[in-house]
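Engineer: Here are the chains, one letter per residue:
Number of protein chains: 2
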Amino acid sequence: MSESVQLPVEPGSDGRARRWAGQRDSRRAQVVDAAIDAIQQYGPDVSTEQIAQVAGMPRPRLYRYFDGKEDLRTAVVTRAVELLGVEAIGLLKPRGSVMDYIDGSVRSLVSWIDRHANLYWYIQSDATSESAAYQNYRAALALHLTTLTELVADELGLERKVTPTLIYGLIGMVESSIGHWVDNRDELTRDELTENLVRWIWSIVAGIATHAGNTLDPDSTLGRSR
Amino acid sequence: MSESVQLPVEPGSDGRARRWAGQRDSRRAQVVDAAIDAIQQYGPDVSTEQIAQVAGMPRPRLYRYFDGKEDLRTAVVTRAVELLGVEAIGLLKPRGSVMDYIDGSVRSLVSWIDRHANLYWYIQSDATSESAAYQNYRAALALHLTTLTELVADELGLERKVTPTLIYGLIGMVESSIGHWVDNRDELTRDELTENLVRWIWSIVAGIATHAGNTLDPDSTLGRSR
DNA sequence: GGGTTAGTGCGACTGGATGTACCAGATACA
DNA sequence: TGTATCTGGTACATCCAGTCGCACTAACCC
Chain C
795 MSESVQLPVE PGSDGRARRW AGQRDSRRAQ VVDAAIDAIQ QYGPDVSTEQ IAQVAGMPRP
855 RLYRYFDGKE DLRTAVVTRA VELLGVEAIG LLKPRGSVMD YIDGSVRSLV SWIDRHANLY
915 WYIQSDATSE SAAYQNYRAA LALHLTTLTE LVADELGLER KVTPTLIYGL IGMVESSIGH
975 WVDNRDELTR DELTENLVRW IWSIVAGIAT HAGNTLDPDS TLGRSR
Chain S
795 MSESVQLPVE PGSDGRARRW AGQRDSRRAQ VVDAAIDAIQ QYGPDVSTEQ IAQVAGMPRP
855 RLYRYFDGKE DLRTAVVTRA VELLGVEAIG LLKPRGSVMD YIDGSVRSLV SWIDRHANLY
915 WYIQSDATSE SAAYQNYRAA LALHLTTLTE LVADELGLER KVTPTLIYGL IGMVESSIGH
975 WVDNRDELTR DELTENLVRW IWSIVAGIAT HAGNTLDPDS TLGRSR
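For the protein sequence lines, the chains are C and S, in the order given. If you're matching positions, the first sequence starts at 795 in this note's numbering and goes up one per residue. If you're matching positions, the second sequence starts at 795 in this note's numbering and goes up one per residue.
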């Protein structure tokens, strides 16, 4: 399909070939970074032309590194989730209490979306069931949250089969609230938003425990083998 | 598909004009119905060509009735919400207990999305901040839910300014859970999904009341001041 | 009937965006 | 020097949204 399949890296082959090993990957990364810049600048509906311009290369060149717009899109979303993960890694580590964990997670998500609104809408604007990028994005977020539910699964008494649905529900709730807030900042301060979200999440989690006949201490420490 | 129904004709001066009164509206409705059919058939990425074909008219004709694809999109989404509203109107009436209300709302939403998956993704696939259609859709849903929060606002002790954020959060949670479930029906039955969602929503609502120092009876009757 | 006023059918066109083909130039390697 | 590979850039193909224009039809008014 692509006009010239870029070098099939063979270690023992010609040095002229070896010279370009890994070039495609680094180029891809470079373009992805440019795309993120372009999204911040032009909004969620960037054209490949604009991306290429920010990347400093002619548009047709993009197709040397990406199979198409969808491929680029997937890469951008993957990268965005990576950035979010890196930034929030300190907070998302399962340390401290359950409340600390929830608070930290929500706080970093709010903060991140706040500072990357266009990128956030870019991800969201492809929210179809078939979109690989969107599915990857949600799966990545789900992975973060799975950490929490695994740690407290026993105390929760949460049925395993319900876990994914709960996680996607929580993600949806947080995203949707933030999405609304981004366009209506006058209603709440960022801290108020965060506090409310944390309380709501806590209500759900505690409610699940209660329903299973358990109780969950908001200050119980996570990450400790019991 | 549906036969166009002539709308009430306003008394005009010229009979030649009167003859076509309401024609545009009924044509719009006809096209919207065709679009919904086309979406169910071709998926969320229908082209105007496909819609025109289902509507049984040449594509350029669409632009006689709609200002463009966005206009058509808005009309389709509006119509979809209308259909949802009509179907769920019996359940969404604020009768019975709080729990009844939550249960009824969630149940109809689950059922509807289940039977109109492509239409649901069509709505969702335009989830940008600027999309009029998407905003209308959410606003319509929000209106439904506002009914609940208004009725129990005092008992809840919910700050007014938080209400919209809560509503959007709840919508997001429900939608996201359902969206995940639609593609993973093997995990949960429809009833299990509904039951869990209802419990989670209840947890949040009850948690808000508790936080305000009140208690909320799940079986208290709605629609009357206490 | 003749003229008017609407909507209709249909083909042709514009314009923008994605994606492809091709070729000349540069660079490091053999 | 010749070769393999990436690079720049132009031109082209394709698809889709949206527009224009013209001939046609049907009802209405006189």
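FYI, nobody ran anything at the bench for these hints, they're computed from the structure. Treat the hints with care, since some could be wrong.
Chain copies aren't distinguished; within one or between two, either way the pair holds.
The calculated lysine to aspartate or glutamate pairs, modelled on EDC-like cross-linking and capped at a C-alpha distance of 20 Å, are [stated by the list, open to error]:
#1 LYS863 - GLU881
#2 LYS955 - ASP985
#3 LYS863 - ASP1013
#4 LYS863 - ASP977
#5 LYS955 - ASP827
#6 LYS863 - ASP1011
#7 LYS955 - GLU989
#8 LYS863 - ASP819
#9 LYS955 - GLU981
#10 LYS863 - ASP827
#11 LYS955 - ASP977
Note that the coordinates shown come from a computational prediction; the quantities given were computed from them, not determined experimentally.
Engineer: Which of the numbered hints are not met once you compare them with the structure shown?
Structural biologist: 1, 3, 4, 5 and 6
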